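Engineer: All chains should be built: construct the whole structure from the sequences, respecting the hints.
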Amino acid sequence: MLRALSRGALPARALPVRARRRRWVVLAAAVLAGVLLIVVLAAGWPGGGNNGVTTVGGNASAVVYPAGHRPLAPEFTGTTLTGSKLSFSSYRGKVVVLNFWGSWCVPCREEAPILAAVAAKYQPSEVSFLGVDVRDTTASALAFTHGFHVGYPSVSDQSSAITLDFTAKVPIAGTPTTLVVDRTGHIAGAVFGTVTYPDLTAILAKVTAKGG
Amino acid sequence: MTVNVALGHVSNAFMIAALVIYSLSVVAFAGDFAFGRPRRAAATARGQARDRAAALASVGAASAASTTADPAQAPAPATAGDEPADDAGTMHELAVPALRAIREAGRWVVAAVAFAAFGAAAHTTAVITRGLAVHRAPWGNMYEFVTALTCVAVIFFLFAMIRYRAWTLGVFVMGAVVVTLGLAETLIYTAPGDLVPALQSYWLDIHVTAMTLATGIFFVPAVLGFVYLWVDRYTRRVAAGRAAPGNGIVRRLPGIEQLDRLTYRTIVFGFPVWTFGVIAGAIWADQAWGRYWGWDPVETWAFITWVLYAAFLHARATAGWRGRRAHYVQLLGFASLIFNILVVQVFIAGMHSYSGVS
Amino acid sequence: MTDVRAPETDPFDPAAEQDDQPRPGPSSPGAAFGPADWLKWAWRQLTSMRIALILLFLLALGSVPGSMLPQQGGNPSGVQQYYASHPDLAPWLNRLGLFNVFAAPWFAAIYLLLFASLVGCVVPRTFRLAGSARTLPPRAPRHLARLPRSAEYTTALPPREAVEVAARVLSGHGFRLRRPDDAGSAQDWVSAEKGYLREAGNLLFHLALLGVLVSVALGGLFGYKADRLLVQGQSFADTVSALDEFHPGRFVTAADLGPFTMTLNRFDASYIASGEQRGQPSAFDARVTYTERPGGPARTFDLDVNRPLSVDGAKVYLIGHGYAPEFTVTDARGHVVYKQATPFVAGAAGNFLSEGVVKVPDAQPEQLGFTGVFVPTAANVGGTLESVFPAADNPMVSLIAYAGNLGMDSGASQSVYELDTTAMHRLTASPQVLQPGQSLKLPDGRGTVTFTGYVPWVSLAITHDPGQLPALICGIAALGGLLLSFMIRRRRVFVRARTGPLAQGQRVVTTVQVGGLARTDAGGGFEAEFATLAAELRSAHEQAAPAPSAPSAPSGEPAQPARPAQQQAPQRHEGE
Chain A
6 MLRALSRGAL PARALPVRAR RRRWVVLAAA VLAGVLLIVV LAAGWPGGGN NGVTTVGGNA
66 SAVVYPAGHR PLAPEFTGTT LTGSKLSFSS YRGKVVVLNF WGSWCVPCRE EAPILAAVAA
126 KYQPSEVSFL GVDVRDTTAS ALAFTHGFHV GYPSVSDQSS AITLDFTAKV PIAGTPTTLV
186 VDRTGHIAGA VFGTVTYPDL TAILAKVTAK GG
Chain B
681 MTVNVALGHV SNAFMIAALV IYSLSVVAFA GDFAFGRPRR AAATARGQAR DRAAALASVG
741 AASAASTTAD PAQAPAPATA GDEPADDAGT MHELAVPALR AIREAGRWVV AAVAFAAFGA
801 AAHTTAVITR GLAVHRAPWG NMYEFVTALT CVAVIFFLFA MIRYRAWTLG VFVMGAVVVT
861 LGLAETLIYT APGDLVPALQ SYWLDIHVTA MTLATGIFFV PAVLGFVYLW VDRYTRRVAA
921 GRAAPGNGIV RRLPGIEQLD RLTYRTIVFG FPVWTFGVIA GAIWADQAWG RYWGWDPVET
981 WAFITWVLYA AFLHARATAG WRGRRAHYVQ LLGFASLIFN ILVVQVFIAG MHSYSGVS
Chain C
5 MTDVRAPETD PFDPAAEQDD QPRPGPSSPG AAFGPADWLK WAWRQLTSMR IALILLFLLA
65 LGSVPGSMLP QQGGNPSGVQ QYYASHPDLA PWLNRLGLFN VFAAPWFAAI YLLLFASLVG
125 CVVPRTFRLA GSARTLPPRA PRHLARLPRS AEYTTALPPR EAVEVAARVL SGHGFRLRRP
185 DDAGSAQDWV SAEKGYLREA GNLLFHLALL GVLVSVALGG LFGYKADRLL VQGQSFADTV
245 SALDEFHPGR FVTAADLGPF TMTLNRFDAS YIASGEQRGQ PSAFDARVTY TERPGGPART
305 FDLDVNRPLS VDGAKVYLIG HGYAPEFTVT DARGHVVYKQ ATPFVAGAAG NFLSEGVVKV
365 PDAQPEQLGF TGVFVPTAAN VGGTLESVFP AADNPMVSLI AYAGNLGMDS GASQSVYELD
425 TTAMHRLTAS PQVLQPGQSL KLPDGRGTVT FTGYVPWVSL AITHDPGQLP ALICGIAALG
485 GLLLSFMIRR RRVFVRARTG PLAQGQRVVT TVQVGGLART DAGGGFEAEF ATLAAELRSA
545 HEQAAPAPSA PSAPSGEPAQ PARPAQQQAP QRHEGE
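Chains A, B and C, in that order, give the protein sequences.
Heads up: the first sequence begins at 6 in our numbering, then just goes up one per residue.
Heads up: the second sequence begins at 681 in our numbering, then just goes up one per residue.
Heads up: the third sequence begins at 5 in our numbering, then just goes up one per residue.
Rather than coming from a laboratory, the hints here were simulated on the basis of the structure.
Because the structure is a prediction, the values reported are computed rather than measured.
A few of these clues could be false.
Partial selection, computed: residues in chain A whose CB lies under 7 Å from chain C [claimed, not checked]:
1. SER66
2. ALA67
3. PRO71
4. THR168
5. LEU169
Beta carbons are placed, not taken as given, at the ideal position from N, Cα and C, and that holds for glycine.
Structural biologist: This is the structure we're talking about:
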């Protein structure tokens, strides 16, 4: 192979126009190949993308949205687990902790006592708790609320339609997700995943503060 | 729609008839090998001269008659470089009409081609009646697929053989067809029936038809590839002094160059059909399964087959890879195709398991 | 390019890089190989046919394990099973990436190198093709009779006129022409070439393959795949929470989904009831109602296996179906703690014998769990309960009850189809069979479980692939390029007209020689084309001639219009 290479060796200066142009062409081809390489590598090839799962357990991420950058929480109406109609607009003027949960969801069961404790702590003040029961049935959901002594109502969201509306505003990736809606009806904070006592109380402290 | 069982039996009867007639054709081709015209070379050289004169006449030179001044001289300087084996069994694309060429090739060839043609007619009837019996394209399970592709292979081969006057290849290709069809009839026969809902789509007519055609077409160069390797091996052994020259069978076969060319042309014919079949399969997969390519085992092996045939085409343009090595590649491609049909579709679970064989 | 005898290397394709061509060495002769030269050498090697060939083999070889071993993308449970049955081998295979071959870096390296090789070969050739768009065919050789195809005849036209007529005929066939600048009156010639589209087709094919790769990457970046199992009567909104599986591309977020909502109104499956194909499905039909956005108009659609629904830029496919038996569980206190249809999944046993699990985490005092088998058409076959037909003609359920800790109150998420009984104790000694409407009373007053009926479920795939249409277009373009490059041959036809020897008293006689040569006759048929062309030229000359051409003794060599190609001087049958 090297023998073939040494044949036809030419000094660079003496290269005819054609060969010089060829060099540029080769260079262009190399650049194109390189760009292609980068594009495909960045593609994260189908099958190698992020494996989404419906329940986000374990690593939660707590977020607070600064005033002025808070998305407006969508309005919704629904039926509570006990069968009565509920409209979210009736919660305007109060700080609402909106918890998306399901009786089948392991991290939701894990955080249920924490939510109950925070609810108990903030009940005297103007913080309401409302649950959104996702992909569940009434029988199982009621058994859950009785078992975990959940004192606040939950709206049934069997088809995840309410969740869909909220996902347009904040990236809800599954359950559990807890949103904190301020008095003006904007989403001020969120915990994506299992709620912890310090995280939730910290968010509530900020949101319930004057001007929060 | 209910299946027409009676017509299904008719189809099977024609299939078996085709099998029997093909066997006779194989016997006749073999007979041509053993007992056919010995001096084929001379006959064809004379034939060439006659044909050149005929062609001259067609161009309009008025002095046609006078140009028979020994045409055998003219090619002499050109044939110097040819291998002696090329003299016998040279393939011609001449102005001689096909029927006359068949007659000139001898009684055995006439019988063999007649049997093969009748067999092909019976085979085609069998395939068509099967289709009528099940009210759909008759390639919905492995049995139907194999019977259909062998029909394509025979028809394609007959065209090629007659066009190139390559009578001596008949015994190999028709023999392979007999074996394949026989195995299909005995081992994987499936009674005519309906297709599962997943296959009830007009895409069956497009994708599977293309694959059937392509496989049938590739069948021919696969057989020819083996012939090529055999002739090549013999030639090399003769050159190395390890075998006696003048092997009767090899002398009757077309030369290496012609075999190579015929194989190449048939693959060139089949490769776009296979490519189209893969694309049609991808479109159908998108309609049915939500993605046009999912590396399903059958998809993967269809891809491997495509890559290997592409490698064959590249090999023919690469120094050191022409000739024997290229044919290894081509045969590897066909082997992957067969593996896909016989093993992957049957034994490896995937979304493509429609063989109908449990 | 001027030598038109069939040479060792192809005369037609200045663009074809023959593998045995000498490659330029170091920029100054005698100097050592510097790093730039090494790069150039490496690039030359990469773009050589030989390396392309090897990479093609590697690509084929690398795909083999991807088809033989279970793959993470399509069969994750199969991968788990493989780990279970080959505990020592599996981790090693995993390290080599063999459980996700097509996403593995080594596989990516193979096809990326292959495409780099392709680009490096194709792009320069494209430039060359563009450049050669105006280059003329070569000069006509002196001895046209030496060409693979040639014909000769005489005409009364003077050479220049004869060539003009020939040029017109050839031009009418679409040939590109070249005439001499310095023809005398005694002889003239014209060169004609055709079939440039062949190289264009070849390049189109290879570039289209590149396009397919880019399209696939596009789909991977901006597309997504999702699954959802939907029980008859249930609805779901297209959001991540409602999906069982969600595989987004790198640049896809949850907000890109939806916002459609879909309800499964009805699912029907029919099966062949008799004959050899008894039990084989004959038709599926899923009737769904959907709204494209919340509050939008409701539409119905009949979803079928080969008939997906296009909505909101995504496509919804019917993938599979099964049975979901309905259970009602009351606990020790008499409260109904579970009341729903539970999807059971068909196993390998056939005829939709399905397995499933009921988890009641909020039963008091202890959590309850049941493993069950649903038999659509139950029959007692030799002591065991089997399903003999896939339709639910005689549905039965067999349950084993457990009580204890389901493991759902903390820790990792569980599969809804598996029951972890490590912290549970069995309540029933043997499986209890229930018919629709029957109840099973649990011991120690723990409650009851009632099998109330069943409904079907369907599994849906929701996908979005923006690279789909580009991939299709590139695929068709590739096919078109392939056909062009296989069917079109580069061929050259030359016509030489020379005044013949003038005997006393004879009229002007011009000898016209026509010669032709084609690149490796891939499709065959150049002889036929040449013969037709020669005949046409001759008749054109006859018509244009002032007087009938005199049939004289043949001058020069006898006409050989259709010499079989293999009798020509050794002509290496070049590949494409």
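Engineer: All hints, please: hold or fail.
Structural biologist: Hint-by-hint comparison with the structure:
The closest approach between the C-beta of A:SER66 and any C-beta of chain C is roughly 14 Å, which is over the 7 Å cut-off, so the hint fails. Given the 7 Å rule on beta carbons, the hint for A:ALA67 is violated: about 18 Å separates it from the nearest Cβ of chain C. Of the supplied interface hints, the one on A:PRO71 is violated, with its beta-carbon coming no nearer than about 20 Å to a beta-carbon of chain C, more than 7 Å. The beta carbon of A:THR168 comes within 5 Å of a beta carbon in chain C, closer than 7 Å, and the hint placing it at the interface holds.
Interface restraint check for A:LEU169: the shortest CB-CB distance to chain C comes to about 4 Å, inside 7 Å, so the restraint holds.
The structure is inconsistent with the numbered hints 1, 2 and 3, although it conforms to all the rest.
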